[in-house]
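Peer 1: What follows is each chain in one-letter form.
4 protein chains.
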Amino acid sequence: MSSNLSLAQGREYLAIPGPSVIPDAVLQAMHRPSPNIYAGELIKLTVSLLPDLRRVARTKHNVAIYISNGHGAWEAALANTIAEGETVLVPASGLFSHGWAQMVQGLGGNPHLIDFGRRDSWDFDRIASVLQADRNHRIKAVLAVHVDTSSSIRNNIPALRKLLDDLEHPALLMADCIASLGCDRFEMDDWGVDVTVAACQKGLMVPAGLGFVFFNDKAAAKRAQMPRVSRYWDWSPRANPEVFYQFFGGTAPTHHLFGLRAALDMIHDEGIEKIWARHATLARAIWAACETWAQEGPLEMNVANRDMRSNAVTSLRIGAPIGTTLRNYCQTHLGLTLGIGLGMATEDDPNSDGFFRLGHMGHVNGQMVMGMLGGIETALSALDIPHGAGALEAAARAMAER
Amino acid sequence: MSSNLSLAQGREYLAIPGPSVIPDAVLQAMHRPSPNIYAGELIKLTVSLLPDLRRVARTKHNVAIYISNGHGAWEAALANTIAEGETVLVPASGLFSHGWAQMVQGLGGNPHLIDFGRRDSWDFDRIASVLQADRNHRIKAVLAVHVDTSSSIRNNIPALRKLLDDLEHPALLMADCIASLGCDRFEMDDWGVDVTVAACQKGLMVPAGLGFVFFNDKAAAKRAQMPRVSRYWDWSPRANPEVFYQFFGGTAPTHHLFGLRAALDMIHDEGIEKIWARHATLARAIWAACETWAQEGPLEMNVANRDMRSNAVTSLRIGAPIGTTLRNYCQTHLGLTLGIGLGMATEDDPNSDGFFRLGHMGHVNGQMVMGMLGGIETALSALDIPHGAGALEAAARAMAER
Amino acid sequence: MSSNLSLAQGREYLAIPGPSVIPDAVLQAMHRPSPNIYAGELIKLTVSLLPDLRRVARTKHNVAIYISNGHGAWEAALANTIAEGETVLVPASGLFSHGWAQMVQGLGGNPHLIDFGRRDSWDFDRIASVLQADRNHRIKAVLAVHVDTSSSIRNNIPALRKLLDDLEHPALLMADCIASLGCDRFEMDDWGVDVTVAACQKGLMVPAGLGFVFFNDKAAAKRAQMPRVSRYWDWSPRANPEVFYQFFGGTAPTHHLFGLRAALDMIHDEGIEKIWARHATLARAIWAACETWAQEGPLEMNVANRDMRSNAVTSLRIGAPIGTTLRNYCQTHLGLTLGIGLGMATEDDPNSDGFFRLGHMGHVNGQMVMGMLGGIETALSALDIPHGAGALEAAARAMAER
Amino acid sequence: MSSNLSLAQGREYLAIPGPSVIPDAVLQAMHRPSPNIYAGELIKLTVSLLPDLRRVARTKHNVAIYISNGHGAWEAALANTIAEGETVLVPASGLFSHGWAQMVQGLGGNPHLIDFGRRDSWDFDRIASVLQADRNHRIKAVLAVHVDTSSSIRNNIPALRKLLDDLEHPALLMADCIASLGCDRFEMDDWGVDVTVAACQKGLMVPAGLGFVFFNDKAAAKRAQMPRVSRYWDWSPRANPEVFYQFFGGTAPTHHLFGLRAALDMIHDEGIEKIWARHATLARAIWAACETWAQEGPLEMNVANRDMRSNAVTSLRIGAPIGTTLRNYCQTHLGLTLGIGLGMATEDDPNSDGFFRLGHMGHVNGQMVMGMLGGIETALSALDIPHGAGALEAAARAMAER
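Chains as they are written, first to last, in numbering that gives the first Met the number 0: chain A, 0 to 401; chain B, 0 to 401; chain C, 0 to 401; chain D, 0 to 401.
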């Protein structure tokens, strides 16, 4: 391998689980002068976003847009619903539930976290026993991460709803769909979700900078009982503004709104059902390749059960330091950036060097997925990492069979 | 005047007091793929922003960057320093002090607001008497809006510092420089400001979406005494992160950072002292024209005293409904968007139709200012609004004399 | 005047007579990946351009698009119509007729040039005498520059047509509308023009790189008699292609076509009649200012007679070296780039330093024109150049009166 | 296969042999206002392009830039060197030699074409016999297509030079490097090429619209003897301009020059030798896959001999109508556009439906190539086209072995 050669000149492919690949139409829409923020097209455009956002989340209820990242949207959802001293239940599969629980603490709430590790979805028996024990309904909300970006676990939200209903527990069901919205099937109203948290830089295909909180009447009623909600996070004026600046609690995020408009146009042109199907097909192709590689050598799927895997991100285990070595090879030699392992640190692998992740969310298609998988095949070959044969053809067949 | 003719085809000039005109270099820098958010150029670029932001605010202390607008930065500054039940003093000249005071209430604090109206800067005697009466130092901070975007009043921050020092009052001095940073002279450290709040869409020439809070050791000490700070607003990890994502309390605002880098490069290429001088010269030209027009007919400067006027925005009074008529003419016929009157509503003029504002902040030069003033002259002429003669030549002379 | 101050930071305004200001919509449309050049959207888009180009030139006849500049389009028009040894008549008012005549020589033709200098339009008596003397009709074409970009003279094409008709002279009437198309009224079919030459970087608002030749049946008949036409310049396959690549005699100018589509959309949204009216109004405002300045001091209109002036460009005389000094001041201090004097060199002023030109073609509106004029007023003042008073107000009144 | 599903949402990959993929840096550089064309940065930038263009073509001699496509550059090269009635020799392997020969006819020259078909490179014995028979040296030039984009044949230019030298034939050696420059090794001076023709939209990675003619002193001497050269094509003032506009024979192609500057920066950052090596490695990977597929079923390399294949384009035979079916599948289902068969029409296959081509020129890297090959594998599988197994792994190994 000649050290002074590189195959990395050419288009970079950022195949990490967010931020995702931004479509040209979105970047074009953002390359424009600032608009007037008091009258004209921006007002009309902003109003047009709301029903289209609701369609993506499959809800007829409210949406508040925040200039923030997903963590800000987490805090916004909590700031409107959880008062100081109140308790929330956090069934944690993967890393991000822990982060959301910490946001609760930052606001003076009391998170009750059940840790299901980094490879399995929720154990509903354990959740049920905690809810049953909560006779006085001190648990005001259940924080449910739909897809955990670190582990690639997808949790079963409808089953959690059914559990709450069966137990007649009145806690709000709050779903974090940051990694799943616009990728994995999600039906806010049909699934009985009360609050949905999302952000723009994954399935919504817009540069990072917008958070979204969808909420229904039950959640709004809880907000109405709050002793106080900070002005910036208060979702009431944002969802039902009297004057335009209240949409954003101040100056509008002008260019992101133009980008979001372009992205929603693309989403609705394709159709959300077709988008879910596309993600499912691409995920099956990726799994076919990864499972084939895993038949020999160190590669292993982080989530064994296909039913518990997200269609938007795939976490893989390969042993330290190979994960990092492989990522570096892909980046340096092939123009392909894979995601780092996240939240998988152990004493033996403090930097999660034994893991890597594939993002396949949003603006992604068959040739991109084959480029990503072909890059990994090349790296496995170049680095002499043992691996099962026929992975790429298996992926091609999986796509061909759709 | 032929109704089916328009002179508005051509470049639109958005001459409102924020968002300001975005330079091409900033928009170009933002038109790019999403970067990796865990390694590589983005990390290096982000680190490079901090000293350059400090140079603009003239401070050696800390800066926290928020994905938010200016209102978010207001809340961030308060969330780190004002605990529930604590009192702040708000000397209010113009509209925005009232908004900041409301943010205090939203966080459970207690604002003491002294209202100096919409045309005058602070009366230091009245401020002094309140501070003197505060023997137990229950006032924990003074919220000082440097430039009020609605009224175009510029307040004297160094004099307020001197007053606090003379009275040996320990309250934090917090300055809102959203409209002034990068336009009007501001020296955080030399002027003894403890906390400075800013945003990116005015003098910093970046599309709306970033807020900044600068804070010194005294402010940091107050934060250390806080019973609790919400995770999103906590400035400590943002200003001194251990891992990259802490800079932004989650996902980085990738494209805005590229835009900000380009804007700071322009700022430092020109030099902040020269930028202040440029804004001062352009403001003098604008005042020369406006004061000339005001010699006859209804036009009037909102702020009579030149020493109390911002170099970045000019508020004008012309009587309802002429203000709105004039703005509409400029927009429809000339491609020129002027700012609406803000916060000037009275019973007779509930929509502030008797006012308009000129933005001259950030990416602005002599030919732009002459285009704006020439547009107003055209509108005054077309609408038969009486006005003093020779305004444009007065402006040209003022620029020529610099 | 402090030497270390500058007012040039801010938007640059390129007020030269071509290339003109490119609209954002055009630049956005060009910022995209290369398309397939054998199938799909590009083919459809290209076909859509032809009727829209014809509408701009007011013709029902043919159009050939060339990847070239205006000089290339000159050569293309000649290569299809003028055989070796044939004669053309060139009534020259301004510089560019001389250039076109040289293209004739380069192709082996024989230009008969009548020079009317740089300040006056054609003298029809002199043209008539040459045509009348041409009893054998050796003159195969008359090359008529509609608007000369150097002198800002606009020639009377319909009167030339009438002369040819009155004399029953069969020469082709070929018009150079490079500087006038989309600015000054031009009616190819109604005026009896046989061949029209244009380019994209002036009234058509697209970055330089496309030339256009419109031709009618009479011109096509002349082409059919040509012994040979070079493959690249041959307009027949371009105007009536059997396969797509023949439109462009090879690879299509992909990005320019997307830009041109956006520009034609803007043109037809506004309407060509309104575009002509807009240019006429803006020109009257510019003349009002310039004629006022000229009442005192050295400034002088190059073309005294308003009827002979283009609505797209204005040439001014001010004496060497003041022209260059003034241009430099505007560029360095105000962000305003004015056009140099072109083709006006004399022994005393070999570099045309005593001249400058204003471009007001294409994407231009009232506030831009006032910025340009206000900049000149500032320069006149700063450089102590004597000039008449009230010029800017005269311009404002002229625009207001439309 | 569900007819209403699509995997084509996502980044489109245009894998045709030109126009090639435009780098973001080039598009960014072109998204800017028009510059002054008489002074300032554009002049400096243009001058900077010349040595860098020469470095790409490996020559110390002259370069003329044309606003044109490659066909225009063909005509330019001929217009400067071949007078009416003169003869040129055209050894034709593939389609494009025929096109260039037609350009000769269009200029009145006399092409002597030897047709070597569409699958083989030149037969030097046949060429030698023609040259030997030309005792009076009526052949003034040999037109040598280096890489034929239709057939993917790469011809041996140094061997042709040697033949001319051995026979002491004084004809100019003119090379068409439109498809090879910046991809396949080409050494103008070392190989003794007198005139090199190129264009910007392939290895140079700029949107179509610029042609280049490089020429040495021998070619310049021939030009000096020409009775006449048309003004637009005359390379003398372009290569050695006295005033700026002569570089482009009129208005400069402003935005393309900014794009070309960015592309040349990328080329020289990587280094031309490394670029050649990158293309060679990627080509080997592509051949490894294609040759493996070809082991079973209808796919066949158009050029059997690896030494005669270009590193920039690969032509494949698969039988009508499968070629078109396969291309359509890739485009519709995978977001991958492959090149059509060109110039391969037969009676049985009038539209070349039995062929397709892969472009791998310019801004291309390992993950892109794997995406292209993976897409083809998917199509072969979906369409039940028999093909050899293990093609993608063979490609991966070929890249890994570099």
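For the record, the hints were derived by calculation from the structure and aren't laboratory data. Worth double-checking, as some hints may not be accurate.
The list makes no distinction among identical chains, and a pair is therefore deemed to hold if it is satisfied within one copy or across any two copies.
[As the list claims (entries may be wrong)] Below are the SDA-like pairs computed for lysine to any residue, each with C-alpha atoms no more than 20 Å apart in a straight line:
#1 Lys43 with Arg227
#2 Lys43 with Lys273
#3 Lys273 with Glu11
#4 Lys217 with Pro169
#5 Lys43 with Thr331
#6 Lys139 with Pro22
Remember, it's a predicted structure, so these values are computed and weren't measured experimentally.
Peer 1: If any of the earlier hints don't hold here, list their numbers in rising order.
Peer 2: Hint check: 1, 2, 6 fail, others pass.
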